[in-house]
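Engineer: This is what each chain is made of:
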Amino acid sequence: MDLEQLLRASLVAPDPGAVFTARVMARVGRGRVRRRTGIILIGTVLAVSAAAAALVWRMTAVAPHSIDSVAVPAVPEPGPVAPVPLVQPAPEVKEPVAAAPKAVTPEDNAPRYAVLVMPLRQEDQDLGKRRPVEALYAAMLDELRKVPGLTLQVPGESVPGAGGRADYVLTLTSLATTVSPAGGVMVVATDGTSRCARNGSSGMPCGSNSPQEPSLPIGGMSNTSYSYSANGSVVINTFTGAGSAGRDEVVWVELKVESPGPSTARFTWPVASAGRSEQRLCIGANSTPSECPSPAKMAAQYIQTLRLQVFPPDSAFQQRVLQQLGNPGQDPTGGMRFGEVMTGLARGDGSRLDAGTIRALVKYLATQPADTRASAWNTLGHVANPALLAPLVDSLRHDPDKEVRLAALASLLANYSADPEVRRAFEEIDREDADPMLRATVRRALYGPAQWRDDLIAALNNAELSYEDRLSPLIVNISSGTVQQDFEMSRVRQTVLREPQVLGPLIALVQEHLHEAGFGRTTNMALNRLAEVDDPAVYDLFLQLAQDQSLPPLVAMGVQSWARNHQNDPRVREILPQMEPMVPSGLLERMREVGGKPGEGAATFGSGAISTVVPAAQ
Amino acid sequence: MLQLAQAGDRLAFRQLVEQHQARVFGVALRLTGRHADAEELAQDVFVKLHGALALIQSPAHLTHWLLRTVTHRSIDRLRQQARQGTQVPLEALGETTAAHAPETGHDPVAAAELHRLLLQLQPDARAVMILRYQEDLDPTDIATVLDMPLPTVKSHLRRSLDWLRTRCAGETHGP
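As you go down the protein sequences, you meet chains X and R in turn. Here numbering that gives the first Met the number 0 is used: the first residue of the first sequence is 0, the next is one more, and so on. Here numbering that gives the first Met the number 0 is used: the first residue of the second sequence is 0, the next is one more, and so on.
It cannot be assumed that every hint is accurate.
Claimed, not checked - Anything over 12 Å on all C-beta distances counts as not near chain X; from chain R, calculated:
1. Arg13
2. Ala41
3. Gln121
4. Ser154
What the hints assert, rightly or not - Example chain X residues on the side facing chain R (calculated, C-beta under 7 Å, incomplete):
5. Ala12
6. Pro15
7. Thr20
8. Met24
9. Arg26
10. Leu126
11. Arg144
12. Lys145
13. Gly148
14. Tyr538
15. Leu542
16. Met556
17. Ser560
I should point out that these hints are in silico values taken from the structure, not numbers from a laboratory. Heads up, the beta-carbon is just placed ideally off N, CA and C, and yes, glycines get one too.
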């Protein structure tokens with residue numbers, strides 16, 4: 000086989016599976032980032048880098064820093080700590096005792112670590128832009144001093160008894176900017192890389208198709224911009240959620256968190272992360288207090304995030320954050336968003352999820368809507384922590400919302416399927432539950448693919464069931480937690496679906512309900528399953544559907560997806576013009592070119608979960 | 000679907016993710032050689048997409064945006080790792096790629112060997128090869144996605160193919 004053919008054949012994109020999708024949706028959280036227009040004149044981006052080893056909070060082999068740093072004793076953290084008291088009050092005694100038991104305070108239980116904050120680095124030369132960064136820096140130092148267990152080291156400050164060793168090193172830098180060829184703003188990060196941060200006058204989105212924008216925009220999870228206007232108000236927003244209209248200048252700030260340890264790997268981190276659209280850091284007199292957190296408030300939010308996601312786990316703090324999530328009005332900092340909290344709790348090996356934190360989480364979730372509950376279980380789906388087992392089982396058994404129960408089920412399947420309590424819950428659902436999807440899922444987990452096949456055939460042929468119930472075993476979409484196992488499940492499904500007693504009734508059933516918009520989601524999911532099957536009957540179905548202009552939108556999506564994965568098929572190419580504008584522009588031309596070259600018809604295009612190879616001669 | 004997602008329809012966005020996740024994850028995986036890195040990068044790309052949906056003008060733009068973003072982020076990650084001396088050992092790459100070798104109907108050993116060899120290419124050249132042979136982009140599109148002159152793309156393709164042929168024939172020196 001020719002090398003190029005071999006490359007095409009072996010470089011088929013592997014689908015990361017349903018777990019991946021669930022994790023993305025969980026991170027996306029509770030809907031799109033809201034937008035606010037107007038005020039933004041100057042922005043900064045805050046990106047935090049931290050060592051992967053930051054999650055290992057006590058490192059014994061940290062080399063001392065040579066700088067002259069000093070320690071500032073931490074101030075005890077005020078206020079209530081946990082919904083469940085950590086310590087019962089000592090009993091009152093009448094007679095003196097030798098040594099009364101000392102009450103344990105939050106700071107006694109807090110992890111101990113040292114944070115070295117390097118001097119503020121101002122690479123932006125504009126004095127006006129430097130001021131809010133200075134204010135933020137000062138406020139962050141103040142916040143760090145309040146963290147129980149944290150020994151703050153600040154070069155130049157003189158406090159007796161200071162140690163020279165730091166577990167974390169924080170560096171705040173205002174970044175220099177240049178003008179891009181298209182007139183946009185290029186930000187020069189401390190590692191020397193330049194990135195497009197703002198649209199140029201061409202009007203093209205930053206980092207889009209414009210060949211004149213030579214680099215990517217800073218965006219996504221780690222892209223939080225800091226903007227301030229001439230009147231002194233500062234807006235912090237995610238870059239991608241911000242329009243470009245009305246912006247003049249941008250000053251960018253980078254916050255780097257390093258943890259000296261055996262691993263030099265680092266990751267970028269959002270300080271004000273996904274879900275937080277915009278917040279104004281008020282510095283000038285013209286700002287509106289209700290909309291503009293003070294620098295101290297903003298710094299407090301940043302330090303909260305670091306404590307939750309980077310610094311060593313602090314159970315009391317985590318419980319308080321969860322408590323505040325449920326009472327946002329009582330939080331002086333304005334509180335963290337659910338997505339930020341869950342991202343922090345789920346990070347790493349799940350070591351942040353101690354029993355107290357999980358109790359607080361369950362208590363919080365009990366007051367939240369279904370999408371929040373489902374999102375929590377989806378986020379924690381990859382965390383195998385025995386303390387989560389009981390709440391997950393309880394959610395599976397008793398939550399009133401099906402999506403929440405499915406999310407709990409997915410997590411149980413991925414991490415605890417061998418546990419006797421989990422199996423008992425599965426058996427109970429199999430016997431008693433009214434939901435066919437849940438029953439089908441647990442039956443598959445309990446009895447394996449052979450039983451699943453029998454269930455599928457029985458459901459498809461049972462005309463007394465509703466359309467959705469007849470398809471339930473087919474559209475069971477519970478991942479087992481690993482890509483390899485997902486592949487295996489997909490393989491089994493494809494084998495079963497190719498059987499004539501399955502494929503025939505299934506296609507007939509789907510065709511019967513194709514145009515019923517109320518079943519659009521169910522039909523879409525069934526089509527996704529069918530799309531996995533490489534069979535002439537499936538091809539015929541999709542080719543027929545591809546020419547049907549009257550399909551409900553969700554059904555049309557499934558057809559579109561199939562067509563994209565089979566664009567190298569000459570039969571699909573023939574009908575592509577009828578499918579525009581579903582097909583990306585420019586692709587048709589390429590496909591026509593490919594179609595004209597002998598032997599190229601076998602080339603796969605796109606990400607297809609299925610890579611059906613059809614010779615051009617067909 | 001794009002319009003639905005832009006209007007805030009979560010199901011539509013989920014469909015977008017499902018539709019493109021193999022493409023995005025696949026590029027990240029082949030570029031970085033590490034499943035964990037690829038998943039993190041791919042997730043980041045979709046989270047970023049969620050915030051940038053309003054900027055996406057068409058399905059074609061979406062595909063281009065995703066490929067461009069994941070490719071650049073993966074290359075950035077590789078360069079960062081190279082600076083920090085944390086390049087993935089080749090023996091680990093073999094395991095990683097074999098574990099996620101696609102079902103192609105071809106010799107999985109040969110496929111894994113090709114993946115291993117690709118991971119020895121420089122990041123830019125690797126990206127060009129992946130966009131050409133995994134995503135089937137033509138050189139002009141690759142040049143746009145990578146912000147790279149067209150002659151450079153063609154040069155990477157030619158040199159990488161030559162090098163791969165040499166390696167497959169048993170030679171040991173790199174490109």
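Engineer: Each hint: holds or not?
Structural biologist: Evaluated hints:
1. Arg13: violated (6 Å)
2. Ala41: violated (7 Å)
3. Gln121: holds (17 Å)
4. Ser154: holds (16 Å)
5. Ala12: holds (3 Å)
6. Pro15: holds (4 Å)
7. Thr20: Check passed: Cβ of X/Thr20 comes within 5 Å of chain R, closer than 7 Å.
8. Met24: holds (6 Å)
9. Arg26: Since the shortest Cβ distance to chain R is 5 Å, the answer is holds.
10. Leu126: violated (32 Å)
11. Arg144: Status violated, d = 31 Å.
12. Lys145: violated (31 Å)
13. Gly148: Hint violated; X/Gly148 Cβ to chain R Cβ min 29 Å, cut 7 Å.
14. Tyr538: violated (18 Å)
15. Leu542: violated (19 Å)
16. Met556: Interface hint status for X/Met556: holds (5 Å vs cutoff 7 Å).
17. Ser560: For X/Ser560, the interface hint holds, since the closest Cβ of chain R sits about 5 Å away, which is under 7 Å.
Of the numbered hints listed earlier, those contradicted by the structure are 1, 2, 10, 11, 12, 13, 14 and 15.
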